[in-house]
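Since chain X is already given, all that's left is putting chain A on it; use the hints.
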Amino acid sequence: GESVGLHLPTLSVQEGDNSIINCAYSNSASDYFIWYKQESGKGPQFIIDIRSNMDKRQGQRVTVLLNKTVKHLSLQIAATQPGDSAVYFCAERVSAAGNKLTFGGGTRVLVKP
Amino acid sequence: DSGVTQTPKHLITATGQRVTLRCSPRSGDLSVYWYQQSLDQGLQFLIQYYNGEERAKGNILERFSAQQFPDLHSELNLSSLELGDSALYFCASSVAPDRAGNTIYFGEGSWLTVV
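For the record, the sequence lines run as chains X and A.
Using our numbering, you'd call the opening residue of the first sequence number 12 and step up by one each time.
Using our numbering, you'd call the opening residue of the second sequence number 7 and step up by one each time.
Note that these hints are calculated values from the structure, not bench results.
All of these numbers come straight from a predicted model, not from anything done at the bench.
Here a beta-carbon is modelled for each residue, glycine too, at the ideal position from N, C-alpha and C.
There may be inaccurate statements among the hints.
[Unchecked claim] Quick partial rundown of chain A residues pointing at chain X, CB under 7 Å, derived from the structure:
(1) T21
(2) G48
(3) A62
(4) I66
(5) F70
(6) F75
(7) N108
(8) F112
(9) G113
(10) E114
(11) G115
[To be verified] Sample of chain A residues lacking proximity to chain X, with all beta carbon distances greater than 12 Å (derived):
(12) K15
(13) Q23
(14) R61
(15) G64
(16) S86
(17) G90
Just chain A, same shape as in the assembly:
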């Protein structure tokens, strides 16, 4: 158990809908990351937050947004869902964002299926 908690574990929704994925980082970790894992794209970095502020942005679609709250938990919002958004969404956390050797721990992921 990495200590990173994600909910829900599985989610099935229809095209055009909106979902919210939730993540609680490991105790003491200030930085949260979101990754998408799909069959054809592998693990892709979406976005990073540090202590409530956006730190880095990757290949995140405009239909997707995220935030990190004062209690450090994070939410990833996916809207106007398309079939191609079906994937595993991982949250990860680390103590700080930039220091070399700063281990990033992953949660178990949220399986999203868009039908």
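Just chain X, with the same shape it has in the complex:
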């Protein structure tokens, strides 16, 4: 399938290096945040989430950092692999307003061998 969002910001990273993807969110009332990965022709795939009462959460090779003061979220991928090439979206939610997610614009990650 085609890729959507052809004019996304792009992060080029060497295989084996660490990647950092940044996201600025807009709603100070948001209390839950998720990172999704979208490969070409596929649906968004859940990577990791974090609640607003935390500032860091680690998964397998991924870490999410949350800075509520400046409304900033980041996703760190350790030892980036070719399979990590994809578009990454952050999403925010105000739990009191239901489970509707508001997505950021996305960042394309290209892993160079």
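Showing chain A alone in chain X's frame:
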């Protein structure tokens, strides 16, 4: 595989026509969401259902409608189609609608091209 199933995967239709996109949520999930992904708008929330009832509405056009059936599958109906409706339409599901930490899983999407 997220467990969310969408059909059809690809659809080409003419302006003015009507199409129906179908979604089966993950087993056990009661809540279904529809999102539209286009080149210039990114991922936009359209509508959410929980156990057959509409729960939240986003930027869904009046020409579009959806419903969730007793067996929990959902359909998104798009009518009087325009060229600008060409996009990827995603269905997603979760166990319940409101609890924090309630992961939303996405299907593979339905590519709609209006010509």
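* Hints that the structure is at odds with (numbers, increasing) -> Per hint list: 1, 4, 5, 6, 12, 14, 15 violated.
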